[in-house]
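**Student:** Sequence:
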Amino acid sequence: MPAPVNALKQRLLRGDTTVGLWLTLASPAAAEIAGGAGFDWCLVDGEHAPNTAQTLQAQLQALAATGCPALIRVPVNAAWVIKQAMDLGCASILVPLVHDAADAARAAAACRYPPDGLRGLGASVSRAGRWGAILDYAATANDQTLCLVQAESAAATANIDAIAATPGVDGVFIGPADLAADMGLIGQPDHPRVQAAIAHIAARTRAAGKVAGIMSFEPGAFAGLLAQGFTMLATGAESTALTRALTDLARAARSAKT
Numbered sequence: 000m001p002a003p004v005n006a007l008k009q010r011l012l013r014g015d016t017t018v019g020l021w022l023t024l025a026s027p028a029a030a031e032i033a034g035g036a037g038f039d040w041c042l043v044d045g046e047h048a049p050n051t052a053q054t055l056q057a058q059l060q061a062l063a064a065t066g067c068p069a070l071i072r073v074p075v076n077a078a079w080v081i082k083q084a085m086d087l088g089c090a091s092i093l094v095p096l097v098h099d100a101a102d103a104a105r106a107a108a109a110c111r112y113p114p115d116g117l118r119g120l121g122a123s124v125s126r127a128g129r130w131g132a133i134l135d136y137a138a139t140a141n142d143q144t145l146c147l148v149q150a151e152s153a154a155a156t157a158n159i160d161a162i163a164a165t166p167g168v169d170g171v172f173i174g175p176a177d178l179a180a181d182m183g184l185i186g187q188p189d190h191p192r193v194q195a196a197i198a199h200i201a202a203r204t205r206a207a208g209k210v211a212g213i214m215s216f217e218p219g220a221f222a223g224l225l226a227q228g229f230t231m232l233a234t235g236a237e238s239t240a241l242t243r244a245l246t247d248l249a250r251a252a253r254s255a256k257t
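Take 0 as the starting number for the sequence shown in numbering that gives the first Met the number 0 and just add one per residue.
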């Protein structure tokens, strides 16, 4: 039996537009709710959220029950961290802070088994290989792996052609907030210089035939992002959505009292 088909990878590589949500609460219940909400994918954040291997796995299991494809953003571009995330059963990985082709090649190699990479052969005793039930997992997993890297620095902007051309890198995801900060414009992702960098990264990524993704908390901006070639759109996080919903609920309740 081969590795499970990565439906999200198939959709992205054929050019489908997808909309997803960041999961930052380290909560399987929140993941289950988000997974059933109708998003094309949910990303479990291992970089800025208080996740452990156990909480990551629990959220992957919750998302699997909803049928919503899952990604994990690992906290660092390190082979052992990426290997652990993939052995938990996640075939779609986002690697942060990729600044040049060497960083991109390191991420791509960590996501794949030899001879295409250096992923360690441990899936037969983990969730990825269904604890040994998927006999052909290691021989077939590379084809189902989705490796995305984050361009979120001035260096990545300058090196985007080499990053996007790296074998094994399937797409580039932009972090506007970190990009702005690295350009000396912290808190100003809408600054013309930042927007020019975003447009450049998107154009060069698409020219390389790779998937372009971006985070935007404003769904009203999606039309413009689609026009730039982005096909992977993140519309915020479950934590910010919960904050807004509860604030609105409290405001409405206070108004009803007066």
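Any given hint could be a false lead.
Claimed, not checked - Using 25 Å as the maximum straight-line C-alpha spacing, the simulated SDA-like pairs for lysine to any residue come out as follows:
id, residue 1, residue 2
1, K256, L245
2, K256, T246
3, K256, A244
4, K256, T242
5, K256, E237
These are computed hints drawn from the structure, not numbers from a lab.
**Student:** Need the list of violated hint numbers for this structure, in ascending order.
**Tutor:** 5
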